[in-house]
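With the hints as constraints, model all of the structure from the sequences given.
Reading the sequence shown from the start, the letters are residues 23 to 357 in the working numbering.
If you are wondering where the hints come from, they were derived from the structure by calculation, not from laboratory data. One thing to keep in mind: the hints can contain errors.
As the list claims (entries may be wrong) - Calculated cross-link-like contacts (lysine to any residue; reagent style SDA-like; alpha-carbon spacing at most 25 Å):
{"no.": "1", "residue 1": "K24", "residue 2": "G162"}
{"no.": "2", "residue 1": "K24", "residue 2": "A67"}
{"no.": "3", "residue 1": "K24", "residue 2": "D141"}
{"no.": "4", "residue 1": "K24", "residue 2": "L77"}
{"no.": "5", "residue 1": "K24", "residue 2": "A37"}
{"no.": "6", "residue 1": "K24", "residue 2": "P55"}
{"no.": "7", "residue 1": "K24", "residue 2": "R42"}
{"no.": "8", "residue 1": "K24", "residue 2": "T49"}
{"no.": "9", "residue 1": "K24", "residue 2": "A76"}
{"no.": "10", "residue 1": "K24", "residue 2": "S161"}
{"no.": "11", "residue 1": "K24", "residue 2": "T138"}
{"no.": "12", "residue 1": "K24", "residue 2": "I39"}
{"no.": "13", "residue 1": "K24", "residue 2": "W166"}
{"no.": "14", "residue 1": "K24", "residue 2": "P132"}
{"no.": "15", "residue 1": "K24", "residue 2": "L167"}
{"no.": "16", "residue 1": "K24", "residue 2": "V142"}
{"no.": "17", "residue 1": "K24", "residue 2": "T44"}
{"no.": "18", "residue 1": "K24", "residue 2": "H46"}
Small disclaimer: the values here were computed from a predicted structure and weren't measured.
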Amino acid sequence: MKAVVVGGGIGGLTAAIALRRTGHEVTVLERAPELREIGAGLSLAPNAMRALDALGIGERVRTHSAPSEVSGTLRTSSGRFLRRFRPGRDEPLAAFHRAELHSALLAELPETVVQTGIDVTDAAEADADVIVAADGVHSGFRHWLFPAAPGPGFRYTAWRGVTEPGVGPPVRGSFTMGRGAYFMIHPLPGARACWALGAAEPTPGVRNPSEHAEVARRIADWPAEARELVAATRPDAVLHNDILDLDPLPASRATASRCSVTRLTPCRRTSARARARRSRTPWCSPSRCGTTPCPKRWPRTTPRADRVRRTSRSRRAARRRPTRRRRGGCTRCWR
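Written as structure tokens, this is what we have:
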């Protein structure tokens, strides 16, 4: 089977590795003219590392991360400790520089797999049996498949930076919370550290003459460790990005030419009572979730049976309501 992955980021390269492991012919199409080393610190949770282990590349990728032993603190901006993460008690996070993680994934693929400078916005431009859309928060494929779906929304603003090897104080992992802001620190291999300052802002797109000076101003009264780490970072190494978020798409199915994108969410309830009534519960009802009915299981009921069932539920709910009533009172709250 021929597969095309649109987007050569962390997710796109991982998807390409997984498809090649299962014997498929894979091509990665990246819009940028070249794959550059961009980004700052990035942490992978244990479940993400287990996914890389399942692909057989976990150990090689871990060589680019900080030591897996977890130790750190959670505190407020005034310095009050909320929690300490002790080694051996909490599952580890793997801290990477994004560029190094990206390079490690890219090294797992042949050079001919990734093609740069190609912008793909719909399935007609990619000749493949399967297309994986991994083209980021401003995905053209998402808009092509779901034009009515809302676009990305603004969440907050973040400043990030990475210190040079051996520059700055030795650090431990920490997460400091302030009023409408946070400051996170992660150690990196090679005597480096990455940090991130997130702050709630009313509008996106606001830039400052010196982002380094802006970060220093915002954390002027925060713990000394955060201030020293920012001071040890080169001003040109501070990144300023607006953090965007996307709402999940509804369950749906879209098919175009030789590309099929499917998201199926069965509407059958999973409770024990629902399983006992399986013979009377439809698997996929258009009136409930808008999906195409399954021809083998539908119909299991009729409109009249649905109406009778709804009426029975209403009567049972009415019997459960309190019947005692005081003068001028309400039968629900008795006021």
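Hint by hint, here is what the structure shows:
1. K24 x G162: Judged against 25 Å, a Cα distance of about 21 Å means the pair holds.
2. K24 x A67: Outside the cut-off at roughly 31 Å; violated.
3. K24 x D141: Since the Cα atoms of K24 and D141 sit roughly 19 Å apart, the hinted pair holds (cutoff 25 Å).
4. K24 x L77: This hinted pair holds, its Cα atoms lying about 19 Å apart.
5. K24 x A37: Since the Cα atoms of K24 and A37 sit roughly 13 Å apart, the hinted pair holds (cutoff 25 Å).
6. K24 x P55: It holds: about 24 Å lies between the C-alpha atoms, which stays within 25 Å.
7. K24 x R42: holds (10 Å)
8. K24 x T49: holds (8 Å)
9. K24 x A76: holds (22 Å)
10. K24 x S161: Holds, at about 22 Å.
11. K24 x T138: Given that 25 Å is the threshold and the Cα spacing comes to 18 Å, the pair holds.
12. K24 x I39: Answer holds: K24 to I39 is near 14 Å, not above 25 Å.
13. K24 x W166: Given pair K24, W166 holds - Cα atoms ~21 Å apart, limit 25 Å.
14. K24 x P132: OK: K24 and P132 at ~16 Å, within 25 Å.
15. K24 x L167: holds (21 Å)
16. K24 x V142: Given that 25 Å is the threshold and the Cα spacing comes to 16 Å, the pair holds.
17. K24 x T44: Holds - the C-alpha atoms of T44 and K24 are around 12 Å apart, at most 25 Å.
18. K24 x H46: holds (6 Å)
Figure legend: structure checked against the earlier numbered hints; the only hint not met is number 2.
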